[in-house]
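> As a plain string of letters, each chain reads:
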Amino acid sequence: MIRDITIGQFYPAKSRIHELDPRTKINGTFFFILSLFINQSLITYGLAFLALSAVIMATTIPVRFMLKGLKSIFIIIMLTIVLNLFLTPGTTVLLTLGRFTITSEGLQTAFYMGTRLIMLIIGSSVLTLTTSPITLTDGIEALLKPLERIKVPAHEIAMMMTIALRFIPILLEETDKIMKAQLARGADFESGGLIKKARSMVPLLVPLFISSFRRADDLALAMEARCYRGGEGRTRLKQLKYKKVDFWAYNILMLYLIIFVVLRFI
Amino acid sequence: MSITIENLNYTYSADTAFKMQALKQISLTIKPGEFIGLIGHTGSGKSTLIQQINGILKPDSGKVIIGDISIFDKGVDLRSIRQKVGLVFQYPEHQLFEMTVFKDVAFGPTNMKLQDDEINKRVKHALSIVGIEESLYESSPFDLSGGQKRRVAIAGVLAMMPEILILDEPTAGLDPQGRYEILDEIQNLHKSLGITVILVSHSMEDIARYVDRVVVMDKGEIKMDGLVKDIFKETEALEAMGLAVPQVSYLIQALNKHGFNLSEDIVTLEEAKEALITLLKRESE
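Taken in order, these protein sequences are the chains called Y and H.
Every letter in the first sequence is one number past the one before it in the numbering used here, and letter 255, counting from 1, is 255.
Every letter in the second sequence is one number past the one before it in the numbering used here, and letter 90, counting from 1, is 90.
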């Protein structure tokens, strides 16, 4: 029922992109997103589009699967496009529909905003689709490490993220289970107005909260029983290590950014 | 009420990398008033199958016919099917949510839009079946012990007075006394009201003790279907599927290997006791 959510989901496959170190991918995603904000022009967006397509091809993940992630935020994208289309002030009027006018500036902004949003989301879902949650948080922890000097609790942040990510599928499964159990008792989650619908959520939410607290309690106890006491002196099973692929990936990233910056100043 | 299942197929997460076919061409007929045991290794498709019987999961293809209604046809009200086919999930105590025990059990009957006095009658009846005393009716279900919670949750399904009752490992995690009490109550219900019962269990002892007919599933298919005493003769086939026979059966087999001549139909402790006493008496004479 609710297993169709793809954002943040990991898609296991064998590809160059999957092999990359999580730090490389996080940096890559970060700079890709940054590049979308540096420069707005047909050429740069074309370049970004090409780069993104090449990466997607390299991941071997079906494009259809990637686009599925867009479905859930389709409304936001449409809203952005429509609002920008009609509400951007401009001089060159292209079309007048009653009280609304479409200007060429509006058309331009709407186009850029729309593509930027779509590329942002696909770009970041490439990161999560090709990196397992555990590796991802390892990468984040490693990148945050230097900030520990200024008292940023890098390990704790990463641990919290790991646990939160780990719990998403468990909670989804639990919701599914409780929902089915209440359906078997004749519960009705679909029909009725807003208030009736909200009320019908009680038989779902109460057990869900209770089980979340119980799980959190159990986990805390289990961690404590295994002498967990924060990140200090903690070693890890899988050490992050840059490989040759990462070297090439960074080179390609650099080249991409240089072209972007150069295009900005021509 | 009879259950007829025809060529049922079901796949989890179709169209993704995690695709898994959980049921393959399942066909099964259950007559009214049968007490069926459903066994199989973890992941064999038992839980998936029972969720199709009351329409909580929709199959990719195939039919489920309850009585004379094919439940996945257009225009069939699945909620009325779910009242006739009561399903008790694994760890049903996790579904409790109301302020009091009474209100929680009343959730099902209330959803059936019954009259208040009928609801009262059913709730009290259901709670008395599972052995929850009247003094607990107004306490919070979360203050009860694990075993009591389980009983209240089972009562929540019984209060809908289903004609078919499906239980997915109702005794998992209970102590021996608690499990026999619950299963005895269900057996009584089966005998007195003649309802059809499907019991999913990992305990071969429970299956041997309560069930008439056993259906064995493996990797999404029905591999065996027959009377308890016949199924539990197939020790090797069951072990190959990661299952076992009751310990009593192992004992009988071991004794027979050492020259005893005991019937292989013996699957429960009581039967074994009887047989051994008769045997010993005969020898001493």
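Worth flagging that the hints you see were computed from the coordinates, not collected in a lab.
Mixed in with the good hints, there may be bad ones.
Short derived list, chain Y residues pointing at chain H, Cβ under 8 Å [said to hold, decoys possible]:
| id | residue |
| --- | --- |
| 1 | Leu165 |
| 2 | Leu172 |
| 3 | Asp176 |
Taking lysine to aspartate or glutamate and the DMTMM-like style, the derived pairs with C-alpha atoms no more than 25 Å apart in a straight line are [what the hints assert, rightly or not]:
| id | chain 1 | residue 1 | chain 2 | residue 2 |
| --- | --- | --- | --- | --- |
| 4 | H | Lys121 | H | Glu98 |
| 5 | H | Lys273 | H | Glu285 |
| 6 | H | Lys74 | H | Glu93 |
| 7 | H | Lys19 | Y | Glu173 |
| 8 | Y | Lys196 | H | Asp143 |
| 9 | Y | Lys177 | H | Asp60 |
| 10 | H | Lys103 | H | Glu34 |
| 11 | Y | Lys180 | H | Glu271 |
| 12 | Y | Lys145 | Y | Asp217 |
| 13 | Y | Lys177 | H | Asp230 |
| 14 | Y | Lys180 | H | Asp168 |
| 15 | Y | Lys68 | H | Glu264 |
| 16 | Y | Lys196 | H | Asp117 |
| 17 | H | Lys229 | H | Glu239 |
| 18 | H | Lys19 | Y | Glu224 |
| 19 | H | Lys58 | Y | Glu173 |
Sample of chain H residues with no beta-carbon within 10 Å of chain Y, all distances over it, derived [to be verified]:
| id | residue |
| --- | --- |
| 20 | Thr4 |
| 21 | Leu87 |
| 22 | Leu96 |
| 23 | Thr100 |
| 24 | His125 |
| 25 | Glu169 |
| 26 | Ala172 |
| 27 | Gly194 |
| 28 | Thr235 |
| 29 | His258 |
Because the structure is a prediction, the values reported are computed rather than measured.
The beta carbon of each residue, even a glycine, is placed where N, CA and C say it ideally should be.
> Next step is simple, just say for each hint if it's right about the structure.
A quick look at each hint next to the structure:
| no. | hint | in the structure |
| --- | --- | --- |
| 1 | Leu165 | violated (17 Å) |
| 2 | Leu172 | violated (12 Å) |
| 3 | Asp176 | violated (10 Å) |
| 4 | H:Lys121 / H:Glu98 | holds (19 Å) |
| 5 | H:Lys273 / H:Glu285 | holds (18 Å) |
| 6 | H:Lys74 / H:Glu93 | violated (33 Å) |
| 7 | H:Lys19 / Y:Glu173 | holds (16 Å) |
| 8 | Y:Lys196 / H:Asp143 | violated (28 Å) |
| 9 | Y:Lys177 / H:Asp60 | holds (20 Å) |
| 10 | H:Lys103 / H:Glu34 | violated (31 Å) |
| 11 | Y:Lys180 / H:Glu271 | violated (39 Å) |
| 12 | Y:Lys145 / Y:Asp217 | violated (28 Å) |
| 13 | Y:Lys177 / H:Asp230 | violated (35 Å) |
| 14 | Y:Lys180 / H:Asp168 | holds (13 Å) |
| 15 | Y:Lys68 / H:Glu264 | violated (57 Å) |
| 16 | Y:Lys196 / H:Asp117 | holds (24 Å) |
| 17 | H:Lys229 / H:Glu239 | holds (16 Å) |
| 18 | H:Lys19 / Y:Glu224 | violated (37 Å) |
| 19 | H:Lys58 / Y:Glu173 | holds (17 Å) |
| 20 | Thr4 | holds (20 Å) |
| 21 | Leu87 | violated (4 Å) |
| 22 | Leu96 | violated (7 Å) |
| 23 | Thr100 | holds (13 Å) |
| 24 | His125 | holds (16 Å) |
| 25 | Glu169 | holds (13 Å) |
| 26 | Ala172 | holds (14 Å) |
| 27 | Gly194 | holds (22 Å) |
| 28 | Thr235 | holds (34 Å) |
| 29 | His258 | holds (47 Å) |
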